[in-house]
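Student: For reference, each letter of the sequence shown is one residue, going 1 to 272 in the working numbering.
Don't read these hints as lab results, they were simulated from the structure.
Some hints could be false.
[What the hints assert, rightly or not] Just the calculated beta-carbon pair ranges, DEER-fashion:
{"#": "1", "residue 1": "R95", "residue 2": "D211", "range": "26 to 32 Å"}
{"#": "2", "residue 1": "D224", "residue 2": "A19", "range": "21 to 27 Å"}
{"#": "3", "residue 1": "E12", "residue 2": "E147", "range": "22 to 28 Å"}
{"#": "4", "residue 1": "A126", "residue 2": "A256", "range": "28 to 34 Å"}
{"#": "5", "residue 1": "D252", "residue 2": "D140", "range": "44 to 50 Å"}
{"#": "6", "residue 1": "E253", "residue 2": "A80", "range": "18 to 24 Å"}
{"#": "7", "residue 1": "L249", "residue 2": "T165", "range": "27 to 33 Å"}
{"#": "8", "residue 1": "D143", "residue 2": "A267", "range": "39 to 45 Å"}
{"#": "9", "residue 1": "G93", "residue 2": "E201", "range": "39 to 45 Å"}
[Stated by the list, open to error] Each computed EDC-like pair below joins lysine to aspartate or glutamate, with the alpha-carbon atoms no more than 20 Å apart:
{"#": "10", "residue 1": "K231", "residue 2": "D211"}
{"#": "11", "residue 1": "K231", "residue 2": "D272"}
{"#": "12", "residue 1": "K209", "residue 2": "D140"}
{"#": "13", "residue 1": "K151", "residue 2": "E118"}
{"#": "14", "residue 1": "K231", "residue 2": "E259"}
{"#": "15", "residue 1": "K209", "residue 2": "E166"}
For clarity, every value in this text was computed on a predicted model and none was experimentally measured.
We put the CB at the ideal spot given by N, CA and C, even for glycine.
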Amino acid sequence: MTETITSSRIAETFERCKAENRAALLPFLTCGYPTPEMTAPLLDAIAAGGADLVEIGVPFSDPLADGTTVQAASQRALDAGVTLGDCLDLVRGFRARGGSIPVLLMGYTNPFYQYGLERLAEDAAAAGVDGFLIPDLPSDESDEFLEPFAKHGLVLVQFLAPTSTERRIADVAARATGFIYCVSLVGVTGARSEMSDELPEYIARVRAKTDLPLTIGFGISTPDHVRAAAKLADGVVVASALLNHIDTLPQDEQVAGAEAFVRNMAAATVRD
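Put together the whole structure using the sequences plus the hints.
Tutor: The following block contains the structure:
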C-alpha cells in the first residue's frame with residue numbers, strides 16, 4: 001500500500017474517534033446557505049453539536065453529483081453572490097472564533113481552476129482549510145491538484161462508488177490523502193429511506209486495498225442510517241438531511257435546530 005500524506009488534524013480526529021469506538025460524523029453545509037449571514041452561526045452550531053469534521057459546499061452552477069437539496073442550497077448561495085473567496089473567509093472566521101475541527105471544502109473543478117490551483121492551495125491553508133473533496137475530479141487526473149495541495153499540507157479526498165472496479169479502487173488507494181469517501185449508492189446526493197444491502201461487501205473491497213479511514217456518504221438521512229454506516233466505516237457524512245431539517249425551521253430556530261440535529265446524529269455514531 002502506498003504511504004500517503006495526511007493532515008495531522010484529520011488523522012488525529014479519526015484516531016480519536018477510533019479510540020472512542022465510534023465513527024466520525026461529517027455534516028455538510030453550503031457556504032451562503034440559507035443566507036450569507038446565517039452560514040457562520042450554523043457552522044458554529046454544527047461544531048457545538050458534536051461534528052468531528054465538517055464539509056463546506058462551494059456554490060457552483062452545475063453540481064453534477066448533488067441532488068435537489070444541495071443544488072437548491074447552492075443556487076440560493078449563488079443568487080446571493082457567494083464566491084469561493086467567501087468560502088475561504090467563512091473558514092478563516094471559524095478559526096478566528098476558536099473553531100478547531102477539520103474543515104474541508106467540497107466543490108467542483110471549474111471554480112478551482114478559475115481561482116488558480118497554487119493560489120487556492122496557499123490561500124486555503126492560510127485560512128485554516130484542511131483539504132478538499134472534488135467529485136468531478138477523477139483520481140487519475142488529480143495530480144495537478146495533489147502537488148500544490150501536498151505542498152501546503154492539504155488533503156485531497158478521493159471518491160469511490162459501488163460500481164468502482166478493482167483497478168479504480170487501487171488507483172484511488174494509491175493517490176488518496178486524508179480519507180476515502182465511499183459513495184453509498186449509484187446516483188446523486190439526497191436523503192433516502194433505506195441503505196443499500198451491498199454496502200458491507202463494497203466497503204470490504206475498499207478496505208482490502210487501503211489503511212486510510214473510509215467514510216460513507218450520500219443518502220444518510222436518519223440516526224439508524226448513521227448507526228448502520230458507523231459499523232462499517234470510520235466516518236459518516238450527513239448532508240441533505242441536515243439542510244432539509246434546517247429548511248423546515250423558522251430563521252430564529254435554525255441555529256439551535258441544527259445543533260440539536262447534529263447532536264442526535266452524533267449520538268448514533270457510537271458502536272455497540
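Student: Are the hints correct? Go through all of them and say.
Tutor: Hint check results:
1. R95 with D211: 26 to 32 Å: Between R95 and D211, where Cβ atoms are some 29 Å apart, the hint holds.
2. D224 with A19: 21 to 27 Å: holds (25 Å)
3. E12 with E147: 22 to 28 Å: holds (24 Å)
4. A126 with A256: 28 to 34 Å: Taking Cβ atoms as reference, A126 and A256 lie about 32 Å apart, which means the hint holds.
5. D252 with D140: 44 to 50 Å: holds (48 Å)
6. E253 with A80: 18 to 24 Å: holds (21 Å)
7. L249 with T165: 27 to 33 Å: Distance hint for L249, T165 is violated at roughly 43 Å.
8. D143 with A267: 39 to 45 Å: The hinted range 39 to 45 Å holds for D143 and A267, with Cβ atoms some 40 Å apart.
9. G93 with E201: 39 to 45 Å: holds (43 Å)
10. K231 with D211: holds (17 Å)
11. K231 with D272: holds (9 Å)
12. K209 with D140: holds (17 Å)
13. K151 with E118: Holds, at about 9 Å.
14. K231 with E259: violated (24 Å)
15. K209 with E166: The given pair, whose Cα atoms are some 9 Å apart, holds under the 20 Å limit.
Comparing the model with each numbered hint stated earlier shows that hints 7, 14 do not hold.
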